[in-house]
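Asks: What follows is each chain in one-letter form.
2 protein chains.
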Amino acid sequence: MNPVIETIRGHRSIRSFEERPLTTEQMDTIIASGIAASSSSLLQTVSIIRVTDQEKRRVLAELAGNQSYVASAAEFLVFCIDYQRHASLNPDVQLEHTELTLIGAIDAGIMAQNCLLAAESMGLGGVYIGGLRNAPKEVDELLGLPQYTAILFGMCLGYPAQDPELKPRLSPEVIVHENCYQPLDLAMITEYDQQMEKYYQQRSSNTKQQAWSDQVTTKLSKEQRPYIRDYLNSKGLAKK
Amino acid sequence: MNPVIETIRGHRSIRSFEERPLTTEQMDTIIASGIAASSSSLLQTVSIIRVTDQEKRRVLAELAGNQSYVASAAEFLVFCIDYQRHASLNPDVQLEHTELTLIGAIDAGIMAQNCLLAAESMGLGGVYIGGLRNAPKEVDELLGLPQYTAILFGMCLGYPAQDPELKPRLSPEVIVHENCYQPLDLAMITEYDQQMEKYYQQRSSNTKQQAWSDQVTTKLSKEQRPYIRDYLNSKGLAKK
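Chains as they are written, first to last, in the UniProt record's numbering: chain A, 1 to 240; chain B, 1 to 240.
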């Protein structure tokens with residue numbers, strides 16, 4: 001295993017951090033790594049808001065569902081779709097199609113993963129914060145986002161103060177299909193459920209009794225953030 | 001620069017490949033790297049269709065706007081949103097909210113970037129193929145995607161038969177905002193336009209006379225894939 005694959009496969013989300021700041025050089029490297037990512041038609045549709053203001057960090061932690069590490073991590077980045085840039089270069093651009101929001105979301109994922117891996121390769125850790133979408137309008141206002149921009153997710157970064165186990169994932173046989181979509185093999189889910197139950201029971205903190213299939217279908221049986229479409233529309237995005 | 005950051009910052013899209021297959025071990029490593037990525041609430045909403053059928057590859061190359069490397073690359077992967085998995089575990093799941101499509105798109109970007117970097121770290125190269133969204137229904141039918149799944153993008157992988165220059169990107173000063181969104185500094189775009197004009201004039205193949213701001217605003221002045229919302233809706237996604 002080369003160092004890149006070792007870093008990629010060694011990923012654990014880190015939610016507890018040392019009180020140690022990142023250097024300017026580390027941050028520059030993380031950002032340059034994000035910017036080096038592929039960009040659909042070179043549109044470059046992502047902006048990053050780096051939140052250094054402690055009061056804003058405290059409010060964001062609360063809005064994200066009381067995730068204290070949003071306030072305590074050395075760094076907190078908010079990844080946003082940004083077509084305001086293009087609109088300010090030329091008011092004739094047409095930005096309301098779902099396609100453009102899709103591009104922004106995919107490209108933000110690609111860019112953010114470069115940032116996270118760069119950080120992890122330097123001995124840092126981090127975690128994605130989708131919880132910002134619990135209160136998109138409030139987060140948006142706090143960060144002063146103009147029309148044609150929208151928040152997607154946050155990322156905490158810092159020196160890890162925990163060393164969690166690797167979390168098991170669905171097997172390649174479930175994820176990868178050859179030439180044609182294959183229906184779910186329920187025996188494989190049963191096997192994965194057993195693996196996850198064991199993982200949740202035995203992990204070093206926050207143990208629980210739960211199988212994966214129950215966990216995800218219980219979650220998805222409730223409406224997931226039904227206000228996201230309205231939020232995007234209010235920013236001039238995903239309107240049609 | 002450590003090897004991870006070197007790989008990340010050395011990225012160029014590769015569109016010309018040697019006629020040399022990847023080994024099973026290489027493919028296993030690439031897929032395992034993708035699966036190791038973060039997954040929102042561990043929903044694991046992404047499936048990969050690995051297309052090995054040469055006739056399907058030929059059709060996909062055509063549908064993607066005659067991108068011949070879709071057929072000629074050693075490997076071609078199609079990244080899809082997949083909530084069919086969850087629906088087949090429990091029919092009570094609610095999948096129509098835009099939030100879930102957003103999660104699928106972000107998580108597919110994160111996973112795919114792990115795959116691409118793993119490949120690049122092994123001396124391979126690749127390119128994202130958003131062009132599959134030129135004909136989403138046709139691609140979807142060709143790959144037999146059921147309800148609650150949708151294609152997002154493809155990825156070519158193989159041994160590079162070209163060595164293109166690094167493509168300049170917008171500077172960190174444009175991409176990163178501190179605490180609050182900052183309006184675009186037009187002087188920085190002028191500078192970047194000059195840099196891109198020089199790059200397009202001087203690169204080793206496919207030279208052209210173009211500035212970035214013209215390129216992207218001309219593109220965005222036309223409707224971008226206006227049928228994407230209908231396609232997603234037809235799969236039971238992003239309906240509200």
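Honestly, the hints are just simulated from the structure, not real lab data.
Hints may be right or wrong, so weigh each one.
Listed next, the in silico EDC-like pairs over lysine to aspartate or glutamate satisfying Cα-Cα at most 20 Å (straight line) [said to hold, decoys possible]: (1) K222/A / E96/B; (2) K222/A / E55/B; (3) K167/B / E6/B.
Sample of chain B residues lacking proximity to chain A, with all beta carbon distances greater than 10 Å (derived) [unchecked claim]: (4) S16; (5) R20; (6) G34.
The beta carbon of each residue, even a glycine, is placed where N, CA and C say it ideally should be.
Asks: Are the hints correct? Go through all of them and say.
Replies: Here's how the hints hold up against the structure:
Annotation: proposed proximity of K222/A to E96/B holds, straight-line Cα distance about 11 Å (limit 20 Å). With a C-alpha separation of about 42 Å, the suggested pair K222/A and E55/B falls outside the 20 Å cut-off, and the hint is violated. For the proposed pair K167/B and E6/B, the alpha carbon gap of about 15 Å is at most 20 Å, so the pair holds. A cut-off of 10 Å between C-beta atoms confirms that S16/B is not in contact with chain A; the least separation is 17 Å.
Listed as outside the interface, R20/B is consistent with that label: its C-beta sits roughly 19 Å from the nearest C-beta of chain A, beyond the 10 Å cut-off. The non-interface label for G34/B is inconsistent with chain A: the shortest C-beta to C-beta separation is roughly 8 Å, within 10 Å.
When the structure is compared with the earlier hints, violations turn up for hints 2 and 6 and for no others.
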